[in-house]
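Undergrad: Residue numbers (the UniProt record's numbering), protein chains in the order written: chain A, 1 to 527; chain B, 1 to 376; chain C, 1 to 193.
Check the hints yourself; a few may be wrong.
[What the hints assert, rightly or not] Think about it this way: if two alpha-carbon atoms lie no more than 30 Å apart in a straight line, the pair counts; the simulated DSSO-like pairs of lysine-lysine are: (1) K422/A x K76/B; (2) K127/C x K87/C; (3) K76/B x K425/A; (4) K371/B x K326/B; (5) K527/A x K76/B; (6) K145/C x K87/C.
[As the list claims (entries may be wrong)] The following residues of chain A were derived to be distant from chain B, with all beta-carbon distances above 10 Å: (7) G19; (8) R55; (9) H78; (10) S130; (11) T159; (12) M194; (13) L225; (14) H229; (15) F230; (16) M324; (17) V332; (18) H417; (19) L483; (20) I490; (21) T519.
[Stated by the list, open to error] These stretches of chain B come out as covered by chain C in the derived footprint (C-beta under 8 Å, 3 or more residues): (22) 121-129; (23) 318-324.
Derived by calculation from the structure, the hints in this document are not laboratory data. We put the CB at the ideal spot given by N, CA and C, even for glycine.
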Amino acid sequence: MATLSSTDSIAPHHGPARGLSRWLFTTNHKDIGTLYLWFSFLMLLTGGCMALMIRAELFQPGLQLIEPNFFNQMTTMHGLIMVFGAVMPAFVGLANWMLPIMIGAPDMALPRMNNWSFWILPFAFSMLLSTLFMEGGGPNFGWTFYAPLSTTYAPPSVTFFIFAIHMMGISSIMGAINIIATILNLRAPGMTMMKLPLFVWTWLITAFLLIAVMPVLAGVVTMMLMDIHFGTSFFNAAGGGDPVLFQHIFWFFGHPEVYIMILPAFGIISEILPTFARKPLFGYASMVYATASIALLSFIVWVHHMFTVGLPLAGELFFMYATMLIAVPTGVKVFNWVATMFHGSMTFETPMLFAIAFVVLFTIGGFSGLMLAIAPADFQYHDTYFVVAHFHYVLVPGAVFAIIAGVYYWLPKWTGHYYDEKLGKLHFWCSFIGVNLTFFPMHFIGLAGMPRRIPDYALQFADFNMIASIGAFIFGFSQLIFLTVVIKTIRGGLQAPPAVWDEPKGLEWTIPSPAPYHTFSTPPEIK
Amino acid sequence: MKIKITVIGALLLLASPSQHTFADWQLNMPRGVTDISRSVFDLHMIIFWICVAIGVLVFGVMFWSIFHHRKSRGAKAKHFHENTFVEVIWTLIPFAILIAMAVPATATLIKMYDTSDADVDIQITGYQWKWRYQYLGENIDFFSNLSTPREQIDNSEAKGENYLLEVDNPLVIPAGKKVRFLITSADVIHSWWVPAFAVKKDAIPGFINESWTRVDEPGIYRGQCTELCGKDHGFMPVVVDVRSAEDYNTWLAQVRAEQAAEAAAAQQELGMEALMQRGEVVYNQACAACHQANGEGLPNVFPGLKNSPIVMGDIAAHIDIVLNGKPGTAMQAFGDQLSAVDLAAVITYERNAWSNNRGDKVEPTEIEKLKAANGQ
Amino acid sequence: MNTLEQKNRTTLIKLIGGSVLMFGFGFALVPLYDVFCEVTGLNGKVTNTGPYQGKAATNERTISVQLLATNNASMPWAFQPEQPVIKVALGESRHTAYVAFNPTQEHMIGQAVPSVSPSEAAQYLHKVNCFCFERQPLDSLESRKMPLLFVVDPELPDHIRTITLSYTLFDITPRATNASHRYTTDTIGRNTL
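I would like the entire structure built from these sequences, with the hints used as guidance.
TA: The following block contains the structure:
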């Protein structure tokens, strides 16, 4: 266990090593956080390029740029990379940077494991991306990889896809273990559970979700591997297996997974809104309970992804009711955020703009989610662009906006400089317009009957598709503004004081900006 | 910002609807033509308006505070941070709304599940990438392929009105009768969807699913496969032609007559030219999705037929693989799917197209003999 | 500080244990799902097999049983029910058959996979004997009548008046030329022809 020794065995008072070895061998939570964040940005651009390729092909009816098999590889890879490469690592990166500081800990509980859990990722994604160049092409069966399309009918590269998923899973599980150990064991004296900042709370719950479902994902891809190479028949009807079973196990992982991607976002928003409303978060306790109940409910709703597979009536009804129930705690969160802003003294810096956009656009995604929960109506929505609109609303202006908001919010703490507020606002407005232009019309084409994952479409869908494609390019290229802002801020800018904003709450605002390489080597006093 | 907006404006202008004469700006779900689809539409609208109402309320309060409680207007923050009463209320009210919503949803779902006492039973089987319709007890069995010409997809020809939503053989059903669909698949999972009927059911290999519809209005209704099923997932539409009971019977008679004519044609010698002509049509419909119209296949995914050893080799082996498929590969057994005439034509075509120029041919009579010997 | 290290280690071990457990749970879902299906008839699989010991024939109610035959795409056999629809009295032992013919030049093995619709009816369908219980080998040009003996339980709910019994025939011939069961490897291999 020597390799997994905790913080105290590492000499606490030296600065970072120099050169590449600083990043390769680092066990410092801030370095690892930085690595995660840059990696996820790189993946955002990679997955984004794939999305733009998809949108370019869909700009007009007819096949123009890419052939259907490659189109399927693009949709699959885009989904996998955005979920496992961009959104999840970004949250882990933010957790690495901020959790120890927020709870007054010197570092993460298991710093060496922390290093491994990051460095697995570049290998996992290199492997995943390399499948695109293999014989028969990369995975082309959708990010949900339903059997038998992903087993019997898959390209040979599926084996590498499975190993890549395994590596991502191990990385996420290690990250989650680390986060739980840190929160449970390293809190500064006096930092009781009900004093934890909400970002910490939501991450704690997320980490438990990760530990509960990432192994199930590992299990399902292992079964695929066995079906493909060792003659088992988990999902092969010919051998007595059941392709529907694949969907059940996948979504048993998949539904909690979507909450893994949104709960930390709830945490970030719950940090930002009070700061810029200059008012404490409304209903802290109910926020915690709502998050926990969303997490628990997420285990009993997975079948709503499969309403059309032909389930008995009783099953459909149960999962419909359970799914509708999720609207209650989610509603509580939104109401609390609005109540936090109510009678505040608001200013609208970039993080606040992103946070407000989050509340509005995430709620729109929530509304379409509620509509999708109604099983008879879902027969019409299922696997159409309405679903695409729904989950992009919760994931892009939801999760991604929350991440961006968090980056703007903490960037002065990380770099010691204020970012360029004008550029930040420009980034916000371009992203906001781009996102809505891309995803709002998708509701319409979905309702009008356009299935998802098709490379070409009937003429009545043409206009909205064109608008969506234009929006996608605007949104995609405005992320270059983001890159510019971040690089500019790292290089220099107005010096930020420790508190950065106007009397924000939280331990991170008591330490200097930029945060020193080692913080809270002696635990802070919690009032 | 200004520049960006001008650019968007310019692009939007470029994209103006005039380019696509048939494009429209349909915003909502179609109401459909069945009882069920109308119930579904009503549910959709109820839940939509509930969402709008909640949205207006919540966002209204939010934007009102954003406007009034901003620091620049001199707002001072009030430091309240909980209120049990309010929190209980806004937990209970959504709960009540959801219960109210669940009642009609449950009723509709129960109606959808009542597949009993159907007048017509049709088995629908999904294949990569076409549908097969078998009328139980009627001895009618045919495949339904996309009929949009390749040139339209490749943009070398103007696109027709029903681009990608047209097939060679639509499913024909009688109006006013309860039609039950038994849905399954022969390879991967597909999903059979006709929006106007609100019928969407997955076609799963090895499993049978049921759904039903009763359409009052004769007409042509179009849908698509909605479960990713591989390369040509976007190119396997569903077209249902609903006819009055009388027209439906006429159609049945007509199909029977065609079956007889086809059987007669199989007894004749057609000759090279006729075979090649028909062969090209059949090839583009049944084979080109994988082997490509130019016969070159897709490298590493689907083998080419141009200069392929099977096509250039012994004709018996060639016939065997077309009729019986190649076990363990994507090559399906076409013996059942195509008529003797079509089989003869397409094999002859493959042997002589794309500078294969083998010069030999196979006549429908020979295929017919083979099939008879095989008990098919 | 030593206690902290211990605490971290305990947490680590517990959580690793938790993940291993959940990995196992993923696999446990497979039999759990089967049990669940058996109880609810969820996936339309008939699990009542062997000699029938339920209620005897009542002749009060007859229902129709539709027999469907589907070939999986790469299966070239001719495969049909002897009679597409049969009227069956509840509780009556009914004998019928499917006919299969192998038109190819090879010895092949088929496996029929049954499915019942509505899935609710699966619990009331009792298969005394079915060709789907076993693999069906057929020589080149051989044909066979494959028997099916079943009983529909008189407890069948009244609203079910038609039961659809579907069989999909899969080709499960082991491919000697190809060590792996991967269909696609074979497809790819064929390109070099």
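Undergrad: Hint by hint, note whether the structure agrees.
TA: Each hint tested on the structure:
Proposed proximity of K422/A and K76/B is supported: the alpha carbons are some 26 Å apart, at most 30 Å. Of the pairs offered as hints, the one joining K127/C and K87/C holds, with about 16 Å between alpha carbons and a cut-off of 30 Å not exceeded. Note on K76/B and K425/A: the hinted pairing holds, with a Cα-Cα distance of about 25 Å set against a maximum of 30 Å. Straight-line distance between C-alpha atoms of K371/B and K326/B comes to about 17 Å, which keeps the hinted pair within the 30 Å bound.
The straight-line distance between the Cα atoms of K527/A and K76/B is roughly 25 Å, inside the 30 Å bound, and the hint therefore holds. Of the supplied pair hints, the one linking K145/C and K87/C holds, its CA atoms being roughly 20 Å apart against a limit of 30 Å. Separation of G19/A from chain B is adequate, the least Cβ-Cβ distance of about 41 Å exceeding the 10 Å criterion. The claim that R55/A lies off the interface holds: its Cβ sits roughly 13 Å from the closest Cβ of chain B, which is beyond the 10 Å cut-off.
Distance to chain B confirms H78/A as a non-interface residue, since its nearest Cβ pair spans about 13 Å, more than 10 Å. Consistency note on S130/A: stated as away from chain B, and its beta-carbon is indeed over 10 Å from all of that chain's, at 16 Å minimum. Here T159/A stays apart from chain B, with its beta-carbon at least about 16 Å from theirs, past the 10 Å limit. Distance check on M194/A: its Cβ is at least 13 Å (rounded) from any Cβ of chain B, clearing the 10 Å threshold; non-interface status holds.
For L225/A, the shortest C-beta to C-beta distance to chain B comes to about 19 Å, beyond the 10 Å cut-off, and the non-interface label holds. Distance check on H229/A: its Cβ is at least 15 Å (rounded) from any Cβ of chain B, clearing the 10 Å threshold; non-interface status holds. F230/A, annotated as away from the interface, keeps every beta carbon of chain B farther than 10 Å; the closest lies near 17 Å. Residue placement check: M324/A does not keep its beta carbon more than 10 Å from all beta carbons of chain B (closest about 5 Å).
Its beta-carbon lying about 6 Å from the closest one in chain B, V332/A breaks the requirement of being farther than 10 Å from that chain. The claim that H417/A is not at the interface with chain B holds, since no C-beta of that chain comes within 10 Å of its own (minimum 23 Å). Here L483/A stays apart from chain B, with its beta-carbon at least about 17 Å from theirs, past the 10 Å limit. Taking the minimum C-beta to C-beta distance to chain B, about 25 Å, the non-interface status of I490/A holds against the 10 Å cut.
Distance check on T519/A: its Cβ is at least 28 Å (rounded) from any Cβ of chain B, clearing the 10 Å threshold; non-interface status holds. Chain C is given as covering the region 121-129 of chain B, and this holds because 5 residues of the stretch bring a CB closer than 8 Å to a CB of that chain, at least three being needed. With a threshold of 8 Å between beta carbons, the proposed coverage of the region 318-324 of chain B by chain C holds, since 3 of its residues qualify and at least three are required.
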